[in-house]
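Trainee: Given next are the chains, with one letter for each unit.
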Amino acid sequence: MTFAAGDDVVVSSRAHSGHHRTPGYLKGRKGTVLRVHERFRNPETRAYGGDGLPKERLYLVGFALSGGDQVLADIFEHWLEKAA
Amino acid sequence: MVGEPRRSSISVVTRAVHDRGGRPADAPIDRSEHDLADWEILMDSLENALEGRGVMNTDEMRRGIESMAPSDYESASYYERWLFTTETILEEKGILAPGELDARLAS
Numbered sequence: 349m350t351f352a353a354g355d356d357v358v359v360s361s362r363a364h365s366g367h368h369r370t371p372g373y374l375k376g377r378k379g380t381v382l383r384v385h386e387r388f389r390n391p392e393t394r395a396y397g398g399d400g401l402p403k404e405r406l407y408l409v410g411f412a413l414s415g416g417d418q419v420l421a422d423i424f425e426h427w428l429e430k431a432a
Numbered sequence: 013m014v015g016e017p018r019r020s021s022i023s024v025v026t027r028a029v030h031d032r033g034g035r036p037a038d039a040p041i042d043r044s045e046h047d048l049a050d051w052e053i054l055m056d057s058l059e060n061a062l063e064g065r066g067v068m069n070t071d072e073m074r075r076g077i078e079s080m081a082p083s084d085y086e087s088a089s090y091y092e093r094w095l096f097t098t099e100t101i102l103e104e105k106g107i108l109a110p111g112e113l114d115a116r117l118a119s
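First to last, the protein sequences are chains X and U.
Everything in the first sequence is counted per my numbering, starting at 349 for the first residue and increasing by one.
Everything in the second sequence is counted per my numbering, starting at 13 for the first residue and increasing by one.
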């Protein structure tokens, strides 16, 4: 796996026209990996009749809000970049 | 707002109609419960049966909904979107002929 719990990451804001599960409001945002999930079939190919293989690593990422709350989101590895 | 936006890139992200998290709303979200119509329960059953038989999968179903014209998406109810995507995906796979449902409903 590329990232470990505690790693700071940025959600990619690259253009993508097809089906994907990465919320637009998190693209370009910096967060912290909270948990390394298993690998799952890729919805981006499965959405077009593919088998979704190879499986892609999923991470639970926390995004800090003012006031101490955070947004939690599951993000696939290929949508994450190492934070500068 | 969440985290620190990267000034150079956040503004260029194009968001499809379904990708609405974090957008301002015109009115408070209606969170009241409502009864399901019979056809909505049947729609749920049909969709799950098709997935259970491996005819279509959840990601295809979502992709079909995301292909709706924005005005159709906005005016459709939850299960009307399910109906739209089921018909779309089954036509795509050649299981339904284009217009087949409409023709059979009219006859």
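Do not rely on the hints blindly, as some may be mistaken.
As the list claims (entries may be wrong) - Facing chain U, according to a computed beta carbon distance under 7 Å, are these residues of chain X, among others:
no., residue
1, H368
2, P371
3, G372
4, Y373
5, R387
6, G398
7, A421
Just so you know, these hints were derived from the structure itself, not from any lab.
Everything numeric in this text was worked out from a predicted model, so none of it was measured.
Beta carbons: idealized from backbone N, C-alpha and C, even for Gly.
Trainee: The structure should be examined with respect to each hint, and the outcome stated for every one.
Mentor: Consistency of the hints with the structure:
1. Here the hint on X:H368 is broken, as its CB sits about 9 Å from the closest CB of chain U, past 7 Å.
2. Satisfaction of the interface hint for X:P371 is found here, the shortest Cβ-Cβ separation to chain U being roughly 5 Å, below the 7 Å cut-off.
3. Below 7 Å, beta-carbon pairs count as interface contacts, and X:G372 has one with chain U at about 4 Å; its hint therefore holds.
4. The beta carbon of X:Y373 is positioned within 7 Å of a beta carbon in chain U (closest approach about 3 Å), and the interface hint is therefore held.
5. Taken as an interface hint, X:R387 does not check out: its beta carbon lies about 16 Å from the nearest beta carbon of chain U, beyond 7 Å.
6. For X:G398, the suggested interface contact is broken, since its CB lies about 9 Å from the closest CB of chain U, more than 7 Å.
7. Against a cut-off of 7 Å between C-beta atoms, the interface hint on X:A421 is violated, since the closest Cβ of chain U lies about 9 Å away.
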